[in-house]
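J.: Residues per chain are reported as follows:
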Amino acid sequence: MSVVRRFLRTPEAIAGTIILAALFAMALSASLFFPGDPQAIAGPALLPPFQDWSLPLGTDRLGRDVLAELFHGARTSLAVGLAAAAAALVIGAIVGTLAGFAGGLVDEILMRTTDAFQTVPGFLLALAFVSVVGPSLSVVVMAIALGAWTGPARVARAEVLSIRERDYVAGARVIGMHPLEIAFREVLPNALPPVLALSSVIVAAAILTEAALSFLGLGDPNRVTWGGMIAEGRTVLRTAPFLSIIPGVTLVLTVLGVYLAGEGVVETTAVRRSLS
Amino acid sequence: MNSPLLTVSGLAKRYRRGGKTIAAVDDVSFAIEPGETLALAGPSGSGKSTIARLVLRLIEPDAGRIQFEGDDFLALSGSALRARRARLQMVFQDPLAAFNPRATVARLLDDPLRIHGIASRAERPRRIAALLERVGLNADLAPRAIHEISGGQRQRIAIARAIATNPSLIVLDEAVSALDVSVRGDILNLLLDLQAKERIAYLFISHDLGVVRAIAHRVVILDAGRIAESGDARAVIGAPQSAIGKALVMATPKLHRTTAS
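Protein chains in written order, with the UniProt record's numbering: chain A, 1 to 276; chain B, 1 to 261.
By construction, these hints were calculated from the structure, which means they are not laboratory data.
The structure presented is a predicted model; accordingly, all values stated were derived computationally and were not measured.
Misleading hints may appear alongside valid ones.
Stated by the list, open to error - Derived CB-CB ranges, DEER-like:
(1) B:S242 <-> A:R112: 46 to 56 Å
(2) B:D71 <-> A:I109: 53 to 63 Å
(3) A:S136 <-> B:R17: 48 to 58 Å
(4) B:I59 <-> A:P189: 19 to 29 Å
(5) B:P43 <-> A:V120: 50 to 60 Å
(6) B:P143 <-> A:L8: 25 to 35 Å
Said to hold, decoys possible - Pulled a few chain B residues facing chain A out of the computed Cβ check, cut under 8 Å:
(7) L56
(8) E60
(9) Q89
(10) I115
Ideal placement from N, C-alpha and C gives every residue a C-beta, glycine not left out.
Produce the complete structure using the sequences and hints provided.
T.: As structure tokens, then:
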């Protein structure tokens, strides 16, 4: 309980939590408030916001309800952001732990592979991957994770390098524990906190990458995405700027919320670490 | 007479640092009989802990042989080495650093039983309770986290973990140095008690000759990686021949008074 209270003491954390809570509420209630297909035509085309209260944020070029699209888009953004970040963290933690713990040739191979991935811009990698494999939600998640696992891998390796010299790792060897069990049961859990501290940055970046992919038309075509909405609005940017501005602002707020909440978590755990 | 439990001969370990080669351990030989306590004493940097880690195969020697229970211990590798580790255990100096900070007492004692297939999953909680009792702890300590219990209790847990696999030899690397004096006596008594009951041999590493005299049968005094002198613990500590032996005895105030009188 006190952890929650300490977390909520910082204003950043409160702001981040509120934004994230609103976002999750949007994603979870999307099919409740807007049960139909958000891509179905709901009214006249290019209706400006706040004109018709059954369509509060107006309609786009094809007459689709912008608010419904926004709600359903929250789902995609969150799902892709969280799934891609989780995949990146898992891959990174495993690669980093193996490299740091095994050392020698295994370390060289894994870290040079990491270098190779790191030198290619993550977005380019995602772009290439999606255009080769074809756009679908799981491919987009994999494509984003492909460019995002190198950071966690490096942090995990650095932590593991220091942890593997500790007495308790020697103790685990003395009782005859298998090296893989030592790596993943004794070392990895203790190397995780700094790796997890990266998660908010990775989630935020993943949401942005997903939006950028959708903007370029490489998102899952069967799902509404904010990036796709911005791309839709781009063609009528002069006459109906709200079509790009509304999803754009939502995107900015989301990334900001994720980042602020992540900062709050890091702050809280840092305090707890220094206290213990 | 049977062959010794552990025979170390010509053991050497060198470290290269900035182009210079430093011999941490240089041509060290000794033997331990079953049920015997051999102490390795010496000042900081004399190679005591390096020898402990070499004997346990935590680091590999540059030269020398280690015979354990009649086999060439250095020839073992992989799963054969892990299986043999059940017979050769270790207790570390700092009982907090020696345990995974996330572990509970039960998990720490469960690991050796599980890894060496000593008890079935259903049977293990009883074995853990029995182990705790053997080292003089209450069985309801099992669900506690390792950082929640005292230093003395932690060192008892370390001993319980070491004896879980019925070893014939336990390496005690400064095992009582980090404990305060009142707890130290209790732990030494526990070690003597276990040795009397189960004939476990100890390789006891310490810089404190007072403790060495209380627990060891024989002592090897090290200086800069080499053996300075060795022999019966009381004889060596009572009348050290080497310069380093004399210095160590001088450094132990109580002993100095008794030898001076």
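J.: Each hint: holds or not?
T.: Here's how the hints hold up against the structure:
A hinted range of 46 to 56 Å for the beta carbons of S242 (chain B) and R112 (chain A) is consistent with their spacing of about 52 Å. Against the hinted window of 53 to 63 Å, the Cβ-Cβ separation of D71 (chain B) and I109 (chain A) comes to about 35 Å, which falls outside the hint. Between S136 (chain A) and R17 (chain B) the CB atoms are about 56 Å apart, so this pair conforms to the stated range of 48 to 58 Å. Separated by about 25 Å at the C-beta atoms, I59 (chain B) and P189 (chain A) satisfy the suggested range of 19 to 29 Å.
The beta-carbon spacing between P43 (chain B) and V120 (chain A), approximately 55 Å, falls within the hinted interval of 50 to 60 Å. Taking 25 to 35 Å as the suggested C-beta distance range, the pair P143 (chain B) and L8 (chain A) conforms, at roughly 31 Å. With 8 Å as the threshold, the beta carbon of L56 (chain B) comes within range of chain A, its nearest partner Cβ sitting at about 6 Å, so the hint holds. The interface hint given for E60 (chain B) is violated, since its Cβ lies 13 Å from the closest Cβ of chain A, which is over the 8 Å cut-off.
Taking 8 Å as the C-beta cut-off, the interface hint given for Q89 (chain B) holds, the closest approach to chain A being about 6 Å. Evaluation of the I115 (chain B) hint against chain A yields a held restraint, the C-beta minimum of about 5 Å falling below 8 Å.
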